[in-house]
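Q: If you read the protein sequences in the order shown, they are chains A and B.
In terms of the numbering used here, the first sequence has 134 at position 134, counting the first letter as 1, and numbering is strictly consecutive.
In terms of the numbering used here, the second sequence has 129 at position 129, counting the first letter as 1, and numbering is strictly consecutive.
Calculated from the structure, these hints are not laboratory results.
Any given hint could be a false lead.
Some chain B residues close to chain A (C-beta under 10 Å, calculated; not the full set) [unchecked claim]:
id, residue
1, Lys-49
2, Thr-60
3, Asn-71
4, Val-127
5, Ala-128
Quick list of in silico lysine to any residue cross-link-like pairs, SDA-like style, CA-CA up to 20 Å [claimed, not checked]:
id, chain 1, residue 1, chain 2, residue 2
6, A, Lys-49, B, Asn-71
7, B, Lys-74, A, Asn-111
8, A, Lys-64, B, Leu-63
9, A, Lys-49, B, Ala-105
10, A, Lys-82, B, Asp-11
11, A, Lys-82, B, Ala-105
12, B, Lys-82, A, Leu-14
13, A, Lys-49, B, Ser-93
14, A, Lys-74, B, Asn-55
15, B, Lys-64, A, Asn-67
16, A, Lys-49, B, Asn-55
17, B, Lys-64, A, Gln-56
18, B, Lys-49, A, Gln-56
19, A, Lys-82, B, Asn-71
20, A, Lys-82, B, Gln-94
21, B, Lys-82, A, Leu-24
22, A, Lys-49, B, Val-92
23, A, Lys-64, B, Ala-105
24, A, Lys-64, B, Glu-50
25, A, Lys-64, B, Asn-103
26, B, Lys-64, A, Ala-61
27, A, Lys-74, B, Gln-94
28, A, Lys-64, B, Ala-61
29, A, Lys-82, B, Glu-50
30, A, Lys-82, B, Glu-53
31, B, Lys-74, A, Leu-14
32, A, Lys-64, B, Asn-55
33, B, Lys-82, A, Gln-94
34, B, Lys-64, A, Arg-48
35, A, Lys-64, B, Glu-53
36, B, Lys-49, A, Val-80
37, A, Lys-74, B, Ile-51
38, A, Lys-82, B, Ser-93
C-beta: ideal position from N, C-alpha, C; glycine also.
There are 2 protein chains.
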Amino acid sequence: MDLKPNDFILDSRLAADCFILGKLDLSVLLLMNNQLVPWFILVPQTDRKEICELNQNQQTALLKEINIISNFVKSEYPQVSKLNVAAIGNMVSQMHIHIVGRNPADYCWPNVVWGNQQKEAYHESEVAVITQKIRGIIA
Amino acid sequence: MDLKPNDFILDSRLAADCFILGKLDLSVLLLMNNQLVPWFILVPQTDRKEICELNQNQQTALLKEINIISNFVKSEYPQVSKLNVAAIGNMVSQMHIHIVGRNPADYCWPNVVWGNQQKEAYHESEVAVITQKIRGIIA
Numbered sequence: 001m002d003l004k005p006n007d008f009i010l011d012s013r014l015a016a017d018c019f020i021l022g023k024l025d026l027s028v029l030l031l032m033n034n035q036l037v038p039w040f041i042l043v044p045q046t047d048r049k050e051i052c053e054l055n056q057n058q059q060t061a062l063l064k065e066i067n068i069i070s071n072f073v074k075s076e077y078p079q080v081s082k083l084n085v086a087a088i089g090n091m092v093s094q095m096h097i098h099i100v101g102r103n104p105a106d107y108c109w110p111n112v113v114w115g116n117q118q119k120e121a122y123h124e125s126e127v128a129v130i131t132q133k134i135r136g137i138i139a
Numbered sequence: 001m002d003l004k005p006n007d008f009i010l011d012s013r014l015a016a017d018c019f020i021l022g023k024l025d026l027s028v029l030l031l032m033n034n035q036l037v038p039w040f041i042l043v044p045q046t047d048r049k050e051i052c053e054l055n056q057n058q059q060t061a062l063l064k065e066i067n068i069i070s071n072f073v074k075s076e077y078p079q080v081s082k083l084n085v086a087a088i089g090n091m092v093s094q095m096h097i098h099i100v101g102r103n104p105a106d107y108c109w110p111n112v113v114w115g116n117q118q119k120e121a122y123h124e125s126e127v128a129v130i131t132q133k134i135r136g137i138i139a
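Take these sequences, add in the hints, and give me the full structure.
A: Following this line, the structure appears as structure tokens:
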């Protein structure tokens, strides 16, 4: 079933672990509260669990939003040499797509970030800067 | 730069770890040699490293191929309750997209498969069966 906009409720674990940066056409955009890497999460406003269960318009919208955030990470974080883009959902079943900027000097390269417990919370002022930058491209 | 079809060379590590099942319009389809989970890999025939660097036609083709393989895993492996779809590439830079069928009884649930060394090779006859089934949908 597709959700009406007002029926969307962000999963409580995502809400606890992340900052809400804004909304795109399909997805809510989150920032994982871990400044060790630039780590964004798109949460499509749907109750489908898998990308292949989205209709074609939703898939097209999601791809566009992945492109927007991918290009944002590449341009704003010059140290990033590889993007990790992933829909996993083994722990949080609400569909969400990770977009993580990685580089060989980061805290868990070449391993994946998922499952690694190391983190460093953002300062409030840093989140404000990222929010301002991202709102310039998703407005 | 985009590759001419004959210029595509599969990365040696992917070639060593996987069976080649066939070709779709954009991608070569691989089967990870680990029967602990159904684990397919799409390798777009390009030398771009990131999905966001593909042109729109390539992105559309890739999304279609992800849908085909996702639906194949859902229909052929009824135990699968979650798909993990991911473009990582920290170890193998050639663009490749993992499509892994997961379930709460599998060998590393709820952790991700990447970084886990446990594996169980396929028998030749099992690969032949999977190849035959998949060729029916990608032909």
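Q: Within a Cα-Cα threshold of 20 Å, do Lys-49 of chain A and Ser-93 of chain B meet the stated pairing?
A: Violated. Lys-49 of chain A to Ser-93 of chain B sits at ~28 Å, over the 20 Å cutoff.
Q: Holds or violated: Lys-64 of chain B with Arg-48 of chain A, Cα cutoff 20 Å?
A: holds, 18 Å
Q: Does the structure keep Lys-74 of chain B and Asn-111 of chain A at a Cα separation of 20 Å or less?
A: violated, 27 Å
Q: Can Lys-49 of chain B be said to touch chain A, with a Cβ gap under 10 Å?
A: holds, 7 Å
Q: Starting from Lys-74 of chain A, check that the Cα of Asn-55 of chain B is at most 20 Å away, please.
A: holds, 17 Å
Q: Quick one, are Lys-82 of chain B and Leu-14 of chain A close enough, alpha carbons at most 20 Å?
A: Answer holds: Lys-82 of chain B to Leu-14 of chain A is near 18 Å, not above 20 Å.
Q: Just to be careful, I want the Cα atoms of Lys-64 of chain A and Glu-53 of chain B compared with a cutoff of 20 Å; is the pair within it?
A: holds, 12 Å
Q: For Lys-49 of chain B and Val-80 of chain A, compute the direct alpha-carbon distance and say whether it is at most 20 Å.
A: OK: Lys-49 of chain B and Val-80 of chain A at ~13 Å, within 20 Å.
Q: For the pair we were handed, Lys-74 of chain A and Gln-94 of chain B, check the Cα-Cα distance against 20 Å.
A: holds, 18 Å
Q: What's the verdict on Lys-82 of chain A and Ser-93 of chain B, does the C-alpha distance respect the 20 Å limit or exceed it?
A: holds, 9 Å
Q: Are the Cα positions of Lys-49 of chain A and Val-92 of chain B separated by 20 Å at most?
A: The given pair, whose Cα atoms are some 28 Å apart, is violated under the 20 Å limit.
Q: Hinted pair, alpha-carbon criterion (20 Å max): Lys-64 of chain A, Asn-103 of chain B. Please report holds or violated.
A: violated, 29 Å
The structure fails to meet hints 4, 5, 7, 11, 13, 16, 18, 19, 21, 22, 23, 25, 31 from the earlier list, while all remaining hints are met.
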